[in-house]
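Position in the sequence shown (from 1) plus 78 gives the number in my numbering.
Any given hint could turn out to be false.
Claimed, not checked - Pairs of lysine-lysine, PhoX-like flavour, derived with a Cα cap of 20 Å: (1) Lys250 <-> Lys233; (2) Lys80 <-> Lys175; (3) Lys110 <-> Lys80; (4) Lys110 <-> Lys250; (5) Lys250 <-> Lys225; (6) Lys80 <-> Lys250; (7) Lys233 <-> Lys110.
Stated by the list, open to error - Computed beta-carbon distance windows for the label pairs: (8) Gln274 <-> Asn253: 26 to 32 Å; (9) Phe88 <-> Asp286: 24 to 30 Å; (10) Ala145 <-> His310: 19 to 25 Å; (11) Asn177 <-> Ala234: 41 to 47 Å; (12) Asp144 <-> Ser290: 38 to 44 Å; (13) Asn136 <-> Ile351: 34 to 40 Å; (14) Arg298 <-> Gly118: 39 to 45 Å; (15) Asp162 <-> Glu311: 40 to 46 Å.
Honestly, the hints are just simulated from the structure, not real lab data.
From the three backbone atoms N, C-alpha and C, an ideal C-beta is built for every residue, glycine too.
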Amino acid sequence: MKTIIVPVDFSHASVNAAEYASQMAGHMQADKIVLYHTYGGSYQILDAGTEIIRSEINSQLQHLSDALIPLAGNEVKFELVAGDGFLIDEVLELVDKYNADLIVMGITGKNALEHKLIGSNTLRVASDSACPVLIVPSEASFKEVKKVALSMKFKAGILDETPYDHIRNMIKDLNAELVILNVADENHRVNPQNIQSGLTATHLMFDDINASIEFLGEDRVVERVTDYVQQHEVQMLISITHKLGFLESLFKGSVTKQLAFHTHVPLMVFKAIQPEE
(Lines of atoms letter the chains of each structure in order from A and count residues from 1; the text may use other names and numbers.)
(Lines give C-alpha, C1' and ligand atoms only; values in the text may rest on other atoms or scores of the structure.)
Protein backbone atom coordinates (compact mmCIF):
# COMPACT_ATOMS: atom_id res chain seq x y z
CA MET A 1 0.00 0.00 0.00
CA LYS A 2 1.60 3.24 -1.16
CA THR A 3 -0.91 6.07 -1.63
CA ILE A 4 -4.43 6.69 -0.30
CA ILE A 5 -6.60 9.52 -1.61
CA VAL A 6 -9.16 10.98 0.82
CA PRO A 7 -11.67 13.53 -0.56
CA VAL A 8 -13.07 15.71 2.23
CA ASP A 9 -15.74 18.40 2.46
CA PHE A 10 -15.08 18.92 6.21
CA SER A 11 -18.43 17.34 7.15
CA HIS A 12 -18.56 14.86 10.02
CA ALA A 13 -18.79 11.94 7.58
CA SER A 14 -15.74 12.98 5.55
CA VAL A 15 -13.61 13.83 8.59
CA ASN A 16 -14.51 10.48 10.12
CA ALA A 17 -13.45 8.77 6.88
CA ALA A 18 -10.16 10.70 6.97
CA GLU A 19 -9.55 9.55 10.54
CA TYR A 20 -10.30 5.96 9.54
CA ALA A 21 -7.98 6.23 6.53
CA SER A 22 -5.18 7.63 8.69
CA GLN A 23 -5.32 4.79 11.20
CA MET A 24 -5.59 2.25 8.40
CA ALA A 25 -2.60 3.82 6.63
CA GLY A 26 -0.50 3.47 9.75
CA HIS A 27 -1.60 -0.13 10.21
CA MET A 28 -0.83 -1.04 6.58
CA GLN A 29 2.38 1.02 6.46
CA ALA A 30 1.19 3.24 3.61
CA ASP A 31 3.54 5.94 2.36
CA LYS A 32 1.19 8.84 1.66
CA ILE A 33 -2.29 10.23 2.19
CA VAL A 34 -3.57 12.84 -0.25
CA LEU A 35 -6.22 15.03 1.36
CA TYR A 36 -8.33 16.64 -1.36
CA HIS A 37 -11.08 19.25 -1.34
CA THR A 38 -12.71 21.06 -4.23
CA TYR A 39 -14.25 24.51 -3.94
CA GLY A 40 -15.55 24.33 -7.51
CA GLY A 41 -19.07 25.71 -7.78
CA SER A 42 -18.87 27.46 -4.41
CA TYR A 43 -20.94 30.64 -4.18
CA GLN A 44 -18.31 31.99 -1.76
CA ILE A 45 -16.01 32.62 -4.72
CA LEU A 46 -18.35 35.34 -5.97
CA ASP A 47 -18.02 37.18 -2.67
CA ALA A 48 -14.41 36.53 -1.65
CA GLY A 49 -12.53 35.65 -4.82
CA THR A 50 -10.65 32.52 -5.88
CA GLU A 51 -7.34 33.24 -4.15
CA ILE A 52 -8.94 33.96 -0.79
CA ILE A 53 -11.06 30.81 -0.96
CA ARG A 54 -8.05 28.69 -1.98
CA SER A 55 -6.08 30.09 0.94
CA GLU A 56 -8.89 29.32 3.36
CA ILE A 57 -9.26 25.77 2.02
CA ASN A 58 -5.52 25.13 2.29
CA SER A 59 -5.65 26.35 5.88
CA GLN A 60 -8.52 23.98 6.67
CA LEU A 61 -6.70 21.08 5.00
CA GLN A 62 -3.55 21.86 6.98
CA HIS A 63 -5.52 21.98 10.24
CA LEU A 64 -7.10 18.61 9.41
CA SER A 65 -3.79 16.98 8.47
CA ASP A 66 -2.22 18.23 11.73
CA ALA A 67 -5.00 16.44 13.62
CA LEU A 68 -4.56 13.25 11.56
CA ILE A 69 -0.77 12.87 11.87
CA PRO A 70 -0.95 11.33 15.38
CA LEU A 71 -3.43 8.75 14.07
CA ALA A 72 -1.33 7.77 11.04
CA GLY A 73 2.12 8.05 12.60
CA ASN A 74 5.09 10.06 11.42
CA GLU A 75 6.00 7.56 8.70
CA VAL A 76 2.88 8.46 6.69
CA LYS A 77 3.25 11.69 4.72
CA PHE A 78 0.33 14.01 3.98
CA GLU A 79 -0.13 15.97 0.77
CA LEU A 80 -2.84 18.63 0.51
CA VAL A 81 -4.71 19.37 -2.71
CA ALA A 82 -7.29 22.16 -3.16
CA GLY A 83 -9.11 21.81 -6.48
CA ASP A 84 -11.54 24.04 -8.33
CA GLY A 85 -13.26 21.51 -10.59
CA PHE A 86 -15.78 18.70 -10.36
CA LEU A 87 -15.07 16.30 -7.51
CA ILE A 88 -15.46 13.08 -9.46
CA ASP A 89 -13.28 14.19 -12.38
CA GLU A 90 -10.55 15.55 -10.14
CA VAL A 91 -10.49 12.50 -7.87
CA LEU A 92 -10.02 10.23 -10.88
CA GLU A 93 -7.24 12.51 -12.14
CA LEU A 94 -5.54 12.25 -8.75
CA VAL A 95 -5.74 8.46 -8.95
CA ASP A 96 -3.76 8.58 -12.19
CA LYS A 97 -1.33 11.26 -11.02
CA TYR A 98 -0.38 9.47 -7.81
CA ASN A 99 -0.93 5.90 -9.05
CA ALA A 100 -3.14 5.56 -6.00
CA ASP A 101 -3.92 2.22 -4.39
CA LEU A 102 -7.10 3.24 -2.59
CA ILE A 103 -9.70 6.02 -2.27
CA VAL A 104 -11.40 6.45 1.10
CA MET A 105 -14.70 8.36 1.27
CA GLY A 106 -17.43 8.88 3.84
CA ILE A 107 -21.12 8.30 3.38
CA THR A 108 -24.27 9.21 5.29
CA GLY A 109 -27.99 9.60 4.74
CA LYS A 110 -30.96 8.03 6.46
CA ASN A 111 -33.61 8.40 3.79
CA ALA A 112 -33.93 8.17 0.02
CA LEU A 113 -33.45 11.89 -0.58
CA GLU A 114 -30.32 12.03 1.56
CA HIS A 115 -29.01 8.94 -0.21
CA LYS A 116 -29.26 10.73 -3.55
CA LEU A 117 -27.85 14.06 -2.41
CA ILE A 118 -25.10 12.89 -0.06
CA GLY A 119 -24.21 9.44 -1.30
CA SER A 120 -24.17 9.95 -5.06
CA ASN A 121 -20.61 11.32 -5.32
CA THR A 122 -19.19 8.47 -3.27
CA LEU A 123 -21.07 5.82 -5.23
CA ARG A 124 -20.20 7.41 -8.57
CA VAL A 125 -16.49 7.45 -7.70
CA ALA A 126 -16.78 3.80 -6.64
CA SER A 127 -18.40 2.99 -9.99
CA ASP A 128 -15.86 4.88 -12.13
CA SER A 129 -12.55 4.47 -10.30
CA ALA A 130 -9.94 2.02 -11.54
CA CYS A 131 -8.66 1.60 -7.99
CA PRO A 132 -10.81 0.35 -5.10
CA VAL A 133 -12.91 2.74 -3.02
CA LEU A 134 -13.40 2.25 0.71
CA ILE A 135 -16.78 3.65 1.80
CA VAL A 136 -16.76 4.46 5.51
CA PRO A 137 -20.10 4.84 7.36
CA SER A 138 -20.33 8.07 9.31
CA GLU A 139 -20.22 6.37 12.71
CA ALA A 140 -17.63 3.68 11.93
CA SER A 141 -14.37 3.77 13.88
CA PHE A 142 -11.17 1.99 12.93
CA LYS A 143 -10.61 -1.51 14.27
CA GLU A 144 -7.82 -3.83 13.24
CA VAL A 145 -9.15 -5.76 10.25
CA LYS A 146 -8.93 -9.46 11.05
CA LYS A 147 -11.83 -10.78 8.95
CA VAL A 148 -13.07 -9.50 5.58
CA ALA A 149 -16.26 -10.70 3.89
CA LEU A 150 -16.56 -10.69 0.09
CA SER A 151 -20.07 -10.98 -1.36
CA MET A 152 -19.95 -12.91 -4.61
CA LYS A 153 -22.17 -14.82 -6.99
CA PHE A 154 -21.10 -18.20 -8.32
CA LYS A 155 -21.85 -17.92 -12.03
CA ALA A 156 -20.32 -18.34 -15.46
CA GLY A 157 -17.41 -15.98 -16.08
CA ILE A 158 -16.67 -15.32 -12.42
CA LEU A 159 -12.94 -15.88 -12.95
CA ASP A 160 -12.81 -13.41 -15.84
CA GLU A 161 -14.68 -10.52 -14.19
CA THR A 162 -13.27 -10.70 -10.65
CA PRO A 163 -10.22 -8.47 -9.95
CA TYR A 164 -8.88 -11.18 -7.68
CA ASP A 165 -5.21 -10.15 -7.85
CA HIS A 166 -6.05 -6.76 -6.32
CA ILE A 167 -8.41 -8.27 -3.76
CA ARG A 168 -5.87 -10.90 -2.77
CA ASN A 169 -3.11 -8.28 -2.39
CA MET A 170 -5.38 -6.11 -0.25
CA ILE A 171 -6.15 -9.07 2.03
CA LYS A 172 -2.44 -9.78 2.33
CA ASP A 173 -1.69 -6.14 3.18
CA LEU A 174 -4.37 -6.26 5.86
CA ASN A 175 -3.07 -9.64 7.08
CA ALA A 176 -6.70 -10.69 7.36
CA GLU A 177 -8.88 -13.76 6.85
CA LEU A 178 -11.25 -13.75 3.86
CA VAL A 179 -14.72 -15.27 3.94
CA ILE A 180 -16.59 -15.45 0.64
CA LEU A 181 -20.33 -15.02 1.02
CA ASN A 182 -21.96 -16.78 -1.90
CA VAL A 183 -25.13 -14.97 -2.90
CA ALA A 184 -26.17 -17.14 -5.84
CA ASP A 185 -29.86 -17.46 -6.61
CA GLU A 186 -31.77 -20.69 -6.02
CA ASN A 187 -30.89 -22.22 -9.41
CA HIS A 188 -27.20 -21.52 -8.92
CA ARG A 189 -27.29 -22.73 -5.35
CA VAL A 190 -28.81 -26.09 -6.20
CA ASN A 191 -27.05 -26.51 -9.56
CA PRO A 192 -24.01 -28.73 -8.94
CA GLN A 193 -22.25 -27.51 -12.09
CA ASN A 194 -22.41 -23.85 -11.04
CA ILE A 195 -21.42 -24.67 -7.49
CA GLN A 196 -18.46 -26.71 -8.66
CA SER A 197 -17.30 -24.07 -11.15
CA GLY A 198 -17.60 -21.41 -8.43
CA LEU A 199 -15.63 -23.49 -5.96
CA THR A 200 -12.95 -24.19 -8.55
CA ALA A 201 -12.69 -20.51 -9.49
CA THR A 202 -12.50 -19.50 -5.81
CA HIS A 203 -9.62 -21.88 -5.17
CA LEU A 204 -7.79 -20.60 -8.23
CA MET A 205 -8.26 -16.98 -7.15
CA PHE A 206 -7.53 -17.26 -3.44
CA ASP A 207 -5.54 -20.43 -2.91
CA ASP A 208 -2.58 -18.67 -1.25
CA ILE A 209 -4.54 -16.80 1.46
CA ASN A 210 -6.70 -17.87 4.38
CA ALA A 211 -10.10 -18.06 2.65
CA SER A 212 -13.37 -19.90 3.28
CA ILE A 213 -16.88 -19.97 1.76
CA GLU A 214 -20.33 -19.49 3.27
CA PHE A 215 -23.55 -20.08 1.27
CA LEU A 216 -26.30 -17.52 1.93
CA GLY A 217 -28.69 -17.73 -1.02
CA GLU A 218 -29.91 -14.69 -2.97
CA ASP A 219 -33.18 -13.73 -1.32
CA ARG A 220 -32.82 -10.84 1.15
CA VAL A 221 -29.14 -10.49 0.19
CA VAL A 222 -28.49 -7.22 2.02
CA GLU A 223 -30.14 -8.47 5.19
CA ARG A 224 -28.31 -11.80 5.07
CA VAL A 225 -24.92 -10.17 4.45
CA THR A 226 -25.32 -7.54 7.18
CA ASP A 227 -26.55 -10.18 9.63
CA TYR A 228 -23.50 -12.30 8.88
CA VAL A 229 -21.19 -9.32 9.43
CA GLN A 230 -22.74 -8.57 12.81
CA GLN A 231 -22.76 -12.18 13.99
CA HIS A 232 -19.25 -13.17 12.88
CA GLU A 233 -17.10 -10.17 13.86
CA VAL A 234 -16.37 -9.02 10.32
CA GLN A 235 -14.52 -5.69 10.22
CA MET A 236 -14.79 -4.96 6.49
CA LEU A 237 -16.95 -5.86 3.51
CA ILE A 238 -15.86 -6.16 -0.12
CA SER A 239 -18.23 -5.84 -3.07
CA ILE A 240 -17.56 -6.01 -6.80
CA THR A 241 -19.57 -3.58 -8.89
CA HIS A 242 -20.33 -3.22 -12.59
CA LYS A 243 -20.41 0.22 -14.17
CA LEU A 244 -23.81 1.87 -14.26
CA GLY A 245 -24.79 5.17 -15.79
CA PHE A 246 -25.09 7.92 -13.21
CA LEU A 247 -28.83 8.49 -13.44
CA GLU A 248 -29.46 4.76 -13.69
CA SER A 249 -27.39 4.19 -10.55
CA LEU A 250 -29.43 6.76 -8.65
CA PHE A 251 -32.79 5.20 -9.42
CA LYS A 252 -32.01 1.55 -10.03
CA GLY A 253 -31.29 -0.48 -6.91
CA SER A 254 -28.13 -2.53 -6.59
CA VAL A 255 -26.77 -4.75 -3.85
CA THR A 256 -23.56 -2.71 -3.65
CA LYS A 257 -25.52 0.53 -3.24
CA GLN A 258 -27.81 -0.92 -0.57
CA LEU A 259 -24.86 -2.37 1.33
CA ALA A 260 -23.15 1.02 1.33
CA PHE A 261 -26.11 2.54 3.17
CA HIS A 262 -27.01 -0.36 5.46
CA THR A 263 -23.76 -1.87 6.68
CA HIS A 264 -22.12 -0.48 9.80
CA VAL A 265 -18.63 -1.56 8.75
CA PRO A 266 -16.62 -0.05 5.88
CA LEU A 267 -17.37 -1.36 2.40
CA MET A 268 -14.52 -1.67 -0.10
CA VAL A 269 -15.74 -1.58 -3.68
CA PHE A 270 -13.73 -3.08 -6.53
CA LYS A 271 -14.67 -2.48 -10.13
CA ALA A 272 -15.44 -5.64 -12.10
CA ILE A 273 -13.16 -6.42 -15.04
CA GLN A 274 -14.98 -5.51 -18.23
CA PRO A 275 -14.69 -7.78 -21.28
CA GLU A 276 -12.66 -6.38 -24.14
CA GLU A 277 -14.78 -5.22 -27.06
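Exercise. Evaluate the given range 41 to 47 Å for the C-beta pair formed by asparagine 177 and alanine 234.
Key: violated (33 Å)
Practice problem: Kindly confirm whether 39 to 45 Å is satisfied by the beta carbon distance between arginine 298 and glycine 118. | Solution: Holds - the Cβ-Cβ distance for arginine 298 and glycine 118, about 41 Å, lies within 39 to 45 Å.
Exercise. Take the C-alpha atoms of lysine 80 and lysine 250, compute the straight-line distance between them, and say whether it is at most 20 Å.
Key: OK: lysine 80 and lysine 250 at ~14 Å, within 20 Å.
Exercise. Quickly compare the C-alpha distance for lysine 110 and lysine 80 to 20 Å and report which way the hint goes.
Key: Answer holds: lysine 110 to lysine 80 is near 6 Å, not above 20 Å.
Quiz item: Given the hinted pair lysine 233 and lysine 110, is their alpha-carbon gap at most 20 Å?
Solution: violated (38 Å)
Quiz item: Would the pair lysine 250 and lysine 225 pass a check requiring their Cα atoms to be no farther apart than 20 Å?
Solution: It holds: about 12 Å lies between the C-alpha atoms, which stays within 20 Å.
Quiz item: Does lysine 250 lie within 20 Å of lysine 110 when you go C-alpha to C-alpha?
Solution: holds (19 Å)
Quiz item: At the C-beta level, are aspartate 162 and glutamate 311 separated by a distance inside 40 to 46 Å?
Solution: Cβ of aspartate 162 to Cβ of glutamate 311: about 44 Å, so the range 40 to 46 Å holds.
Exercise. Could you see if the CB distance from alanine 145 to histidine 310 stays within 19 to 25 Å?
Key: violated (33 Å)
Self-check item: Restraint status (C-alpha distance of lysine 80 to lysine 175 at most 20 Å)
Solution: holds (13 Å)
Practice problem: With respect to the beta-carbon atoms only, verify the hint that phenylalanine 88 and aspartate 286 lie 24 to 30 Å apart. | Solution: This hint is violated: roughly 42 Å between Cβ atoms.
Quiz item: Quick one: are asparagine 136 and isoleucine 351 within 34 to 40 Å, going by C-beta?
Solution: holds (38 Å)
The structure is inconsistent with the numbered hints 1, 7, 9, 10, 11, although it conforms to all the rest.
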